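2 protein chains.
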Amino acid sequence: MPVFQAPTRDTRFVVNEVLDLERYRHLPGFEAATRDLTDSVIEEAGRFVNEVVAPLNLSGDQEGCTRHADGSVTTPKGFKEAYARYIEAGWGTLAAPEIYGGQGLPHVIGFVMEEYLASANQAFAMYPGLANGAISAISSKGSPEQQAMYLPKMVSGEWLGTMNLTEPHCGTDLGLIRTRAEPQMDGSYAITGTKIFISAGDHDLCENIIHLVLAKTPGAPESSKGISLFIVPKFLVNADRTLGDRNAVSVGAIEHKMGIHGNATCVMNYDGAKGWLIGEENKGLAAMFIMMNAARLGVGIQGLAQAEASYQNAVAYAVERRQGRALTGPAEPEQKADPILVHPDVRRMLMDAKMFIGGMRALCLWGALQVDLTHKAATEEERQQADDLISLLTPVIKGYGTDMGYRTATDMQQIWGGHGYIAENGMDQFVRDARIAMIYEGANGVQAMDLVGRKLALNGGRAIQRLFAVIDAECAEESADDTVKLVAERLGKATGHLKAATLWFMQHAMADRNAIGAGAYAYMTLTGVVSLGLMWLRIAKVSAKALGGDGADEAFYEAKLLCAKHWALRFAPQAGSLRYEVEAGAETVMGLTAEQFAA
Amino acid sequence: MPVFQAPTRDTRFVVNEVLDLERYRHLPGFEAATRDLTDSVIEEAGRFVNEVVAPLNLSGDQEGCTRHADGSVTTPKGFKEAYARYIEAGWGTLAAPEIYGGQGLPHVIGFVMEEYLASANQAFAMYPGLANGAISAISSKGSPEQQAMYLPKMVSGEWLGTMNLTEPHCGTDLGLIRTRAEPQMDGSYAITGTKIFISAGDHDLCENIIHLVLAKTPGAPESSKGISLFIVPKFLVNADRTLGDRNAVSVGAIEHKMGIHGNATCVMNYDGAKGWLIGEENKGLAAMFIMMNAARLGVGIQGLAQAEASYQNAVAYAVERRQGRALTGPAEPEQKADPILVHPDVRRMLMDAKMFIGGMRALCLWGALQVDLTHKAATEEERQQADDLISLLTPVIKGYGTDMGYRTATDMQQIWGGHGYIAENGMDQFVRDARIAMIYEGANGVQAMDLVGRKLALNGGRAIQRLFAVIDAECAEESADDTVKLVAERLGKATGHLKAATLWFMQHAMADRNAIGAGAYAYMTLTGVVSLGLMWLRIAKVSAKALGGDGADEAFYEAKLLCAKHWALRFAPQAGSLRYEVEAGAETVMGLTAEQFAA
Chain A
7 MPVFQAPTRD
17 TRFVVNEVLD
27 LERYRHLPGF
37 EAATRDLTDS
47 VIEEAGRFVN
57 EVVAPLNLSG
67 DQEGCTRHAD
77 GSVTTPKGFK
87 EAYARYIEAG
97 WGTLAAPEIY
107 GGQGLPHVIG
117 FVMEEYLASA
127 NQAFAMYPGL
137 ANGAISAISS
147 KGSPEQQAMY
157 LPKMVSGEWL
167 GTMNLTEPHC
177 GTDLGLIRTR
187 AEPQMDGSYA
197 ITGTKIFISA
207 GDHDLCENII
217 HLVLAKTPGA
227 PESSKGISLF
237 IVPKFLVNAD
247 RTLGDRNAVS
257 VGAIEHKMGI
267 HGNATCVMNY
277 DGAKGWLIGE
287 ENKGLAAMFI
297 MMNAARLGVG
307 IQGLAQAEAS
317 YQNAVAYAVE
327 RRQGRALTGP
337 AEPEQKADPI
347 LVHPDVRRML
357 MDAKMFIGGM
367 RALCLWGALQ
377 VDLTHKAATE
387 EERQQADDLI
397 SLLTPVIKGY
407 GTDMGYRTAT
417 DMQQIWGGHG
427 YIAENGMDQF
437 VRDARIAMIY
447 EGANGVQAMD
457 LVGRKLALNG
467 GRAIQRLFAV
477 IDAECAEESA
487 DDTVKLVAER
497 LGKATGHLKA
507 ATLWFMQHAM
517 ADRNAIGAGA
527 YAYMTLTGVV
537 SLGLMWLRIA
547 KVSAKALGGD
557 GADEAFYEAK
567 LLCAKHWALR
577 FAPQAGSLRY
587 EVEAGAETVM
597 GLTAEQFAA
Chain B
7 MPVFQAPTRD
17 TRFVVNEVLD
27 LERYRHLPGF
37 EAATRDLTDS
47 VIEEAGRFVN
57 EVVAPLNLSG
67 DQEGCTRHAD
77 GSVTTPKGFK
87 EAYARYIEAG
97 WGTLAAPEIY
107 GGQGLPHVIG
117 FVMEEYLASA
127 NQAFAMYPGL
137 ANGAISAISS
147 KGSPEQQAMY
157 LPKMVSGEWL
167 GTMNLTEPHC
177 GTDLGLIRTR
187 AEPQMDGSYA
197 ITGTKIFISA
207 GDHDLCENII
217 HLVLAKTPGA
227 PESSKGISLF
237 IVPKFLVNAD
247 RTLGDRNAVS
257 VGAIEHKMGI
267 HGNATCVMNY
277 DGAKGWLIGE
287 ENKGLAAMFI
297 MMNAARLGVG
307 IQGLAQAEAS
317 YQNAVAYAVE
327 RRQGRALTGP
337 AEPEQKADPI
347 LVHPDVRRML
357 MDAKMFIGGM
367 RALCLWGALQ
377 VDLTHKAATE
387 EERQQADDLI
397 SLLTPVIKGY
407 GTDMGYRTAT
417 DMQQIWGGHG
427 YIAENGMDQF
437 VRDARIAMIY
447 EGANGVQAMD
457 LVGRKLALNG
467 GRAIQRLFAV
477 IDAECAEESA
487 DDTVKLVAER
497 LGKATGHLKA
507 ATLWFMQHAM
517 ADRNAIGAGA
527 YAYMTLTGVV
537 SLGLMWLRIA
547 KVSAKALGGD
557 GADEAFYEAK
567 LLCAKHWALR
577 FAPQAGSLRY
587 EVEAGAETVM
597 GLTAEQFAA
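The listed protein sequences correspond, in order, to chains A and B. First residue of the first sequence? That's 7 in my numbering, and the numbers climb one at a time after it. First residue of the second sequence? That's 7 in my numbering, and the numbers climb one at a time after it.
Careful, some of the hints might be misleading.
No copy labels: a pair is met if it fits in one copy or bridges any two.
[To be verified] Straight line, CA to CA, 27 angstroms or less: simulated BS3-like cross-link-like pairs of lysine-lysine:
{"id": "1", "residue 1": "K231", "residue 2": "K342"}
{"id": "2", "residue 1": "K159", "residue 2": "K382"}
{"id": "3", "residue 1": "K231", "residue 2": "K86"}
{"id": "4", "residue 1": "K491", "residue 2": "K547"}
{"id": "5", "residue 1": "K231", "residue 2": "K491"}
{"id": "6", "residue 1": "K499", "residue 2": "K551"}
{"id": "7", "residue 1": "K231", "residue 2": "K499"}
{"id": "8", "residue 1": "K289", "residue 2": "K342"}
{"id": "9", "residue 1": "K499", "residue 2": "K342"}
If you're looking for bench data, these hints aren't it; they were derived computationally from the structure. Predicted model, so just to flag it, every value in this text is computed and none were measured.
This is chain A alone, in the form it adopts within the complex (with noise of 0.2 angstroms):
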């Protein structure tokens, strides 16, 4: 059975070296954040998710969800008590304001705990992490009555909630649904309509499930300008949040996918089914927003996780599997072949993979301190720069953080041979788990196009301008340490096509609407490596000064830093290829036609 165990020393390398999140304990929220509660807090999350809930995620792969004849659906062995012992240890509280029962820290220490939970069982994670969207979207748009009715039992974790969004004709494209609401005499909507592929939408974990459904009243324009977003309870909720009768919303079927067997993908029937409107009809889609951009950065630390979860299981296959010799002569020479750890090509996937993991997971909690510091931060000003940088990177950290997932996961497999290909091996699952991330909560080009075609543009710029002076900043801080020199040598070198593409966007974005699309995906890709290259100077940079220090964790600094230097050497080169494929224009993708891509 595959191996995991939460990467909890470098969690709290992040936390408390890289952010030092500390310093910002004079603000509301962070108050009770002290370096020993999070630590405690840190160790006892991986704790948790080692015993409780990585030993079920190959289990759960194999087996599946079902729905029975009655409708109902249940989850693999092993959800329903690991869920149970989640909500008793009040897990899904960390981040969520105390007024509903929420323990009120910053984002930072609920993103570690979504990680751990998506290392060690994806499709697990996923049922209170769909829940989280929902919470967001009712916590910002909904009337207080709602927040109090709902929101208590939700950030419990009694009731989990879902996003319905797609139906089978509708995607990306919003404005095409077809689920109707027909205002009721009692204020509420009876919502009627077929969504597709809705992670945990239905499931045995708990007693409710609180749907968030996108539909259209009665004479709402024919596009995103007329949706709406409805509460849809499972089962109806009474004044006192006991709970009522069975609503009108089935599960039609199970779908069979590629992956995240464990967690229940629901094509969801509703037929009249009570609804509420959360805010005003046909101001869904900003409503719907809210939900998805949190969704956005959960799918973006699960391509963090599969890269993780993976890569300690290629490591350990790596020391223990011998076959072939050292180049520079045998390494064991007792033995009759070396760990495979010897070969320089099977070290260049994990180093890729250590250094992806250690830049991406400092770059999602950066951008989870972003979240807490767009509502918290001192000044108006610090709230707006935390908000435009997480605004803008939001799409990088779910688009190229999933795409270098599912190549992590792709990798760490290729290291397994032909045993990663075997299934009970669990390096596939690891694959084909990531590879959902890529997908769902917006297609990986939809944010490019969110990255180029709106967070570019907004204000002006400001917030690529605002993140260029940081990148600029920090590279010119004197330094003596030559891997801190060399790695801000590359980042400004990499900043510089960065800056290049971004102009070529502004001059090129007017005549050709077209190049802007043809040049968005190498764009978000060539800020991904940017801004892990800016995470690896902030990495190099505290490594170096501790290894001046008391010469504690030596070993911990130095693979640092040789990371930073991979970086440098290895990735910031991909900076210029990028470049030139958005210099490239959009000839040759608009060229062809429908017939001559079919020839």
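We have chain A already, so just place chain B on it with the hints.
Same frame as chain A, now just chain B:
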């Protein structure tokens, strides 16, 4: 169900216009290959796989193979009947020697059928595919008696063959083999041991299976210099080629795999099975490499094949699925949404795929031609040149070709969005099936080391210098066509990076063996990019010329020129960053201890 139509138009273009196969008609084995004949074979082959083989792909994946209580193995529904029709039509005999009942056509034509079969149904294609390797080994190294006894029925396809190399503890490092071969009084050997991952190890497609098995004779050296190759038939063969007793070889289990479910991947138990030595004792590795090299080209073709099959389905979906609007305004205002083919990022993925497929098909068929010329060219110099080029590029065709095959299948699945993740739509099967090609017949990292550690250095680097000479000459040819000029210029630049990387290896090979290993993969990818570019330069020249002709098929040739330009603008720039990755050397790759990786 997924669609598939063998791409006969493009195959004929490569065979007739790019390779111009008819110009070799003065050579033995090419006489019969008139354009009329090859065209009709190509079209017939396409019809056969479209009608007989492709319809079994998805169902074969869903059903898989079954090992029964008596140890017998059955293939998915329809495979047996399809294979019977395959033999009946003589499809396996195209490029086989006439002396054994083959049609003696060039390998180019045999490769066409291999590609079509693998596109239509990779799991099915592997049954005859594996036999090809066994046939090659017996043809080259078997005794005249062995050839007479086994080859006629293997060539006709009445018997199939397997390659038994891997054991539980022993994959790449064949020196570790434990399977024993004890000499018997009658000149045979008793083979005892367990082999794993044996593709097509047992099945119900034909009456006998000829296993080629690597084993060690008593007292053999403890390395790959101590392995011997044996013929071990499932049923012993009488002198008159009728079948005798069942041999002591049995299937212990069928593996559960990520993909290629329709192929029975078996654990094979040899319990004193009767086997006959091929060639000499302890010379098994050389015979094995004959099987392996043929198989490696075949696996490279699988990369092309899965790219083609997934591409066809992505184009079909992109034309049919409506979502969103063109960036330049509604393309079909009367509809509620435009086909997703209007979106530049969808087209980017399709163009990357079309470029790879068109270039890779030319590269594979050009490779097949070199295999033919190695044996049949008029002069020793031409034979040697062909051998140099195909030896050099075999690991590139296998390694880069399958990497790109997987990437393409993943991109094509991406175009399907969430529907691509649903098993019934078949897009995930292309990804799962394509994945194995990066692993088997030597994992792609092993290919990279074969290229850099062996092929580069052979004969003082003669092969790579030969490749450079070919490219330089073809880039230097004058052309009036702008695309041809652009492609030549960019190919020249990319080749400059490859030359620099080659020089870097020459300068560092002695001092730092690990630097060779650390850069090998990037070097293989770089060679792949350049090889595709060479093909696109040729294709562009042919197409520019055809467009100056009678005006027939203009859309086809214009699409070719645009694909060539796509390579020049969007793939050629990768050469720079790949070269820098080579030049990064081994420091960051070799620097960490096992403990640091695990921390």
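Within, between, both or neither: K289, K342 at alpha-carbon 27 angstroms:
Result: close only across copies, 20 angstroms inter versus 68 angstroms intra.
Can you tell me if K491 and K547 fall within 27 angstroms by alpha carbon in one copy, between copies, both or neither?
within (9 angstroms within a copy, 47 angstroms between copies)
Intra/inter-copy verdict for K159 and K382 if alpha-carbon distance must be at most 27 angstroms
within (25 angstroms within a copy, 78 angstroms between copies)
Pop the pair K499 and K342 into one bin, within, between, both or neither, using alpha-carbon distances up to 27 angstroms.
neither (46 angstroms within a copy, 45 angstroms between copies)
With identical chains treated as interchangeable, where does the CA-CA distance between K231 and K342 reach 27 angstroms or less: within a copy, between copies, both, or neither?
Between copies only: 14 angstroms across chains, 69 angstroms inside a chain, cut-off 27 angstroms.
Regarding K231 and K491, is the shortest C-alpha distance of 27 angstroms or less found within a copy, between copies, in both, or in neither?
neither (50 angstroms within a copy, 49 angstroms between copies)
Checking an output row: K231 and K499, CA cutoff 27 angstroms. Within, between, both or neither?
neither (42 angstroms within a copy, 50 angstroms between copies)
With 27 angstroms as the alpha-carbon cut-off, assign the pair K231 and K86 to within, between, both or neither.
Neither. Shortest intra-copy (39 angstroms) and inter-copy (56 angstroms) distances fail the 27 angstroms Cα cut-off.
Could you place K499 and K551 in one of the four classes (within, between, both, neither) given a Cα distance threshold of 27 angstroms?
Answer is within; shortest intra-copy Cα gap is 24 angstroms, inter-copy 42 angstroms.
Figure legend: structure checked against the earlier numbered hints; hints not met, in rising order: 3, 5, 7, 9.
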